[in-house]
Structure formats: C-alpha cells, structure tokens
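Listed below are the residues making up each chain.
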Amino acid sequence: MLFNSFEYLIFLPTVFVLYWFVLNKNLRIQNALLLSVSYLFYGWWDYRFLALIIFSSFVDYYCGLAIDKTSSSNIRKRWLTISMLVNLGFLGVFKYFNFFSKSLSESFSSLGYELDTLTLDIILPVGISFYTFQTMSYTIDIYRKKLAPSKDIIAFFAFVSFFPQLVAGPIERATNLLPQFYKKRKFSYEKAADGLRQILWGLFKKIVIADNCAQVVNQVFDNYMDLSASSLLLGAIFFAFQIYGDFSGYSDIAIGTSRLFGFNLMQNFAFPYFSRDIAEFWRRWHISLSTWFRDYVYIPLGGSRGGISMKIRNTFIIFIVSGFWHGANWTFVIWGFLNALYFLPLLLLNRNRTHTNVVAEDKLIISFKEFLQLSSTFLLTVLAWIFFRATTIIEAFSYIKRMFSLSLFSLPSIDIKPLLYIGILVIIEWFQRNKQHGLELATLKSMPLRWLVYTFIFCLIFFFGAKSESFIYFQF
Amino acid sequence: MKKLLIKSFCFFIVVLLIVWITLSYYGGYVDYFYNKFTTPKVNSLIMGDSRSFQGVQPNEIDSYFKNSNFNLPILNYSFTLNQIAYGEPYNKSILKKIDQTQTNGLFIVTVHPFMLSNRSGGNKEEAKGIFFEADMPPHNMYNVTSSPNFEYFFKNFKYFHFRGIFRKSSKTHKNGWLEEKNLPSDSTLLNQWKQGQIKLYTRYSKEWVRSEERLMYLDDLISFLNNHGNVFLLRLPISDEMMDIENSYWSNFNDEMKVLSNKYKAPYINFNISKHRFNTYDGIHLDKFIGAPFTVAVCDSINKYLKK
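The listed protein sequences correspond, in order, to chains A and B. Just so we're aligned: 421 in the numbering used here is position 421 of the first sequence, and the numbers increase by one with no gaps anywhere. Just so we're aligned: 204 in the numbering used here is position 204 of the second sequence, and the numbers increase by one with no gaps anywhere.
It is possible that part of the hints are untrue.
To be verified - In silico lysine to any residue, SDA-like type, Cα no more than 20 Å apart, as pairs:
hint, chain 1, residue 1, chain 2, residue 2
1, B, LYS3, A, ALA193
2, B, LYS7, A, PHE456
3, B, LYS7, A, ILE10
4, B, LYS7, A, VAL17
5, B, LYS7, A, GLU440
6, B, LYS7, A, LEU449
7, B, LYS7, A, ARG144
8, A, LYS186, B, LEU5
9, B, LYS158, A, TYR8
10, B, LYS2, A, GLU190
11, B, LYS7, A, PHE21
12, B, LYS3, A, TRP20
13, B, LYS2, A, PHE187
14, A, LYS445, B, LYS155
15, B, LYS155, A, TRP44
16, A, LYS186, A, LEU27
17, B, LYS2, A, TRP451
18, B, LYS2, A, LEU18
19, A, LYS191, B, MET1
The set of hints was computed from the structure by calculation and includes no laboratory data.
Please work from the sequences and hints to get the whole structure.
Written out as structure tokens, the structure is:
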C-alpha cells in the first residue's frame, strides 16, 4: 500500500479510530492491532513476502532470548551469528544473488573462461533492507548488553513490522522504538496535530517535488545523448531534488503517521541541502542509516581510534558498504566511493566536525562564504547522484562528460517548471531549517494563517501534483 | 482528541470544497470524460472513440435539427480507443445514460474496424465474457448522471490532470464534445503525429483480429436503440494511409456494416468514399474548425435519409 494512494486514505483513519476509540483499553490488543494492520499494509504488495518477515521476526525473537539466557560468550556469539546469517542470508539471496552471479561470470569471461550465469527469477521483497537492518540492531544490542530481550512476542513482532516505517524507514533502533510498545501510549493533541502537518509536508515533497522532477529526469536520462550540457546539469539537479523529495517525503509521512499513534521515530532528514560540507551533509541525510553504519560497522571496525589511516580506511568501508546497501549495482558502489572521496580532505585536515550547528543560525540571510559552501557541497552531491541514477557506470561517465561541454552556457531545452516547485520547497525549508520538518508551525500563533498555509500546500498538491511514481527507496 | 477530530473534519470540508468547486466549474478542463457523467439522462447520443469525441460537435446537430421531431439535445458519449470498443460494457453504460421512456431520439453510432476488434489475438476473451475495458470509464461507473460526480473522481482519479485549469489546452464541454484548443500548427510536428498513428495502427492491424462477439454486441446495441429513435451508422473520414491500413486489415468492413444497416434500416454513412474529403490533422482526428462543417455534412446526410 502506498502512502500516496486512496487505499491509504481509507486505511489510516480506520486504523486510527480502532486504535484510539475501540482498543485503547488494552495495550496488548492495541499492539495486536498494529501488528495485524502492519501485515495487511505489507501484504497489500505481495502477501507471499509476509512469510519472510514473519520468519525473520521469529528468528530474531528467539535468538534475542537465547543470547540473553546464557553467559557463555561462545554460545552468545553462536546465536548472534545465526541471527546475522538469517538476516544477511535473506538479503544475499533476494537482493545480491543475481548480481554476484553475473559479476562472477563476467570476471571469468574477461579471463577467457566462459561460465554459465546462474540467475534466480526472484522479486526483491519491498523494504527488506530496512527491516533486516532494524532487526539486526536488536540482536546486536542484546549481544552488547545494551538492551534486554523482548519477552512480549506481539510487541516484538509489531516493532519489526510497524507499518509507518516498515518499507522505507527510518531504520529505528530497538532501544528507541521497542520500549514504546511496552508502555501505554497517551494521546497528545499537539503531537498528533504536528504529525498531520508532517504528513501533509511529506505528501507535498513526494507528489509535487519528486513526481514532477521524476518526469523530467526520466526524459533527460533516457535521452542524455541528444541534450545540451545545461539540460544535463539541470536534469541532475532535478534528480537531486527528486530523490530528496521522494525519500524525505516518505520519512515525513512515516514519522507523522507514527506520531498520530503516539510513537516517536527519529528524524531522518535535517534539511541536508543546507549543508556546508559533505560531513555535515551526511549528518543530515538518511540519518537513521548513517548512524546505523556508524554504530554497527564503523565503530566495531575501530572507528577513528587507530589514527588517520584507520579513520580513512573505515570511512571508505562504510561508504562503499552503504552504496552497496542501496542496490546490487556497481553504480551504487561508485556513488559510495565518491562520497568517501569527498570526505577525504575533511578527514586529512581533521575538519569533519566543523559544522555542527544550523547554517546562518539566528540569521535570515547567509553570508557569501556560507553561500559558496552550500553551493559547492550541493554540486558535489549532484555529481555523485548521477551515478546513483544511471543504470551503468559507462552511462554515468558519459553523462558527466557531456555535461562538461561548451553547451553548459546555453539555455536548457528541458521543461523547467519543476524549478518553481523547488523554489517553494527551498524557501519554506530555509525558514524552517532549525525545526524537525518543513511544516512545523506550532510557534505560528495565528490560526487563520496556519490554515492558509495548509490550504496552500493542499492546493499545490492537488493542482500541481504529478502522476504518481513509486517511492525510489522501495527498491532498496 | 475531540479537538483534533473537529479540526481534521473542518480541513476535510475545506478540501472537499476545493474539489467540489474544481469539478463543478472546471470539470471539462481537468478530465477528458468527467463532464459526460454529470448530465442527466439524455434522449439522443453520439457513440464512438476519439474520432467522434473530437470530430462530431453536438451543438451543430442541435441547431441543425432544432425544428425537427428529434428529442434533443444530443450528448457526445464517445471516449477513446483505450477504453472503448463495442461490447457488453459499453452497451450497459449507454443504457444507463439513455432515457428509455422515449422513442424519438437521434443516435449516431460511429464505427471503424478497430472498434470491433479483439485485442487478445487468438484468445477470444470476449467470448468468455472477459473485456479489457471493464475496469475503465465509462464501464466502471455505476452512476453516470450526477453532478458533482464523486464516484468518477475517486474511481478514476488517475485520469485527472488538475493543472489543466491553468493550461486550458482542451475542454470537454457539457455536451460531451472535446474541444482541442491548442493544436500545433507546425507541419513537421503534425507529420510526426501522423507517422505515429500509422505506426500504431499498423501494429494494431497485426496484433488485433476481427471480433465476431463485438459485432454481435453492436448488433444488439442498434437493435435496442432502434426502439428509442433513429439510428445512423457513421464512419468518419481518415487519411488515405490510414484507410489503406483499415482496408487491408478488414477489407469487407463496409459490406458488413451495410448488412447491419439493412437489417435494422439504420443508414450507414461513410465519409471515406466521397470525393470531397474532410482533412484530419493527424490522420484520424478532425480539428474543431473542420469538425463543424463535417458535423453539418453529417446532418445533411441524416436529413436526406429522413426525407426518403
């Protein structure tokens, strides 16, 4: 079920009414409701994949209990390994098997040996990368004794499959989300109202920004050989906003929906295009994944403890793994590598934590220096996004090569209307950049003004929304 | 909780109001078909695909026959080939739209080979009661006569293009006629469109087959309409290249139509045989400027038959 569908428009209020008015008395029944509606939400795509998520939940539930039951470090490690193998095994089979099989065959072929490629005719289950990472964090945290295992099977299963963030995150830590299933949730008007505002803002980002940009971006990337450099640059910029609108829009809807049910999810995007360097960008972009990699890959690898060389090695590892997490294609690996490369000067100069506050804090206008920093960071990310969007590495290089030609100074020949929508987004987000989301209006006291803003955003969605495209991150 | 529900309800009302105003005042701009489902039942009807949707103008017919015995005004209930072929679903929808208590209607049933074809190749799905068009408008509509029509809005939301309010490049009038307001005059572009249509219909002619079942449903439709007024079968003018495709696809199409015509005394008017041909802009569609004299020419032909 898509957040931007009519089915969801009926699903959400129905669940809300059942949750708060019918089953509010009993926490376990309320959790059971969340579990069953989450399975309904997920099964709407393909009910067969429910078996996978149920099996994965069972394994992690019992591995968690088994790890906690014993003090023997060998046995604890064994149960953790089982959990990791099952989760990574699912990812390996469903997401990476065909990629490795093809890559292996191509490698042998380049050495002169012909190998029959074994590929499996399988569909990637929606959201598998998200929920496997979420459940892995659960068993790892129990192993590290940071978290007690859940003894409430319904609460645990509901935690794994919680519908707002099941298919595209934020990837929640068990330490944050699971305890919320144990406690009776209290309805808060302020929280719920702000949740609704965040949903509206997420829909705007998805339907107006991402879907409109997608139409132009698809044309540009399909016909990049025939377009001028300026059109290619604009196409790449549109893709930067498409992916931002798409993914952060989804996160906003997920967080907003959770707040309606009394849950708090972590902020996943903190206005990343207002970053002054690439380190700041990665502290603001897909925060739940970046921090996951930091806590479960970077730090266990030694983090920055082993001096600069260790820091550089580990940074490259997490960016390349992160790229690979996004998709089984070398283009994503290059995208990750490129981001690590951008990081390199900051690591060498030990300037990767220079910008930890909001840009132009307490000021309306940024300084020229900050403007240059923002622009250069943005353009670096745009360049990397080309690899993310291209279907092959050759296509990405060819695109970039064509982009740096004299026709860069000509007028673009593509539809530039999305610039108008992007302008609206940037202006609103600029004023809201120290808030949790673009439509956090609790401080705006005038009710008519607030309603005017809601109506304006709704009209933008209604009149300027493009034909619905699937969420990009569903494929990851 | 109460506060949230009340405020959400108020916002829902605001949303509904915006939707209502848009549909009521701009329905013809934001969707090609919406307005067809917002008028009451009618006595006279034009049926067909995009050729008649654009090419047959109801206001011309109404003014031509204003002093006749026909129960007018006439509604253009044509759609496009993507949703339409003569068959059980279209017949059912037409039955819903017609006032079945009267017997003096004017019914223009436009025909061409591809509206009577099976699209599943050798699998004669229509014979098994499977119709490709069943889930699309107008066939998926229970209520075809209410204004505003929220059933259409919710069931067929994906067909809407709300920014049409600002572009105003086309409008479906309340009488069902689609007025294309912004057709290009660039001959290169129009030639590209023509080539596109030729390519498309050449593909159809290879993949689709003549459908006995759909012919039977056309027979049923004419038989039914005959009880409620005068029926005319009409084949609209198309370009020579397109005619060649249709002739090679279904060489005795005109003969088969004449058989039907004779069976029900429903004259068959073919605009592809006269020397004075009406020119299309893309090989199959008449623009609004040619559509007007063409509709008058259709009225002349109908009038001639009435006098006989």
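Hints, verified against the model:
| no. | hint | verdict |
| --- | --- | --- |
| 1 | LYS3/B - ALA193/A | 10 Å, holds |
| 2 | LYS7/B - PHE456/A | 17 Å, holds |
| 3 | LYS7/B - ILE10/A | 18 Å, holds |
| 4 | LYS7/B - VAL17/A | 15 Å, holds |
| 5 | LYS7/B - GLU440/A | 17 Å, holds |
| 6 | LYS7/B - LEU449/A | 15 Å, holds |
| 7 | LYS7/B - ARG144/A | 46 Å, violated |
| 8 | LYS186/A - LEU5/B | 16 Å, holds |
| 9 | LYS158/B - TYR8/A | 15 Å, holds |
| 10 | LYS2/B - GLU190/A | 12 Å, holds |
| 11 | LYS7/B - PHE21/A | 17 Å, holds |
| 12 | LYS3/B - TRP20/A | 14 Å, holds |
| 13 | LYS2/B - PHE187/A | 11 Å, holds |
| 14 | LYS445/A - LYS155/B | 39 Å, violated |
| 15 | LYS155/B - TRP44/A | 18 Å, holds |
| 16 | LYS186/A - LEU27/A | 11 Å, holds |
| 17 | LYS2/B - TRP451/A | 18 Å, holds |
| 18 | LYS2/B - LEU18/A | 15 Å, holds |
| 19 | LYS191/A - MET1/B | 11 Å, holds |
Of the numbered hints given earlier, the model fails hints 7, 14; all others are met.
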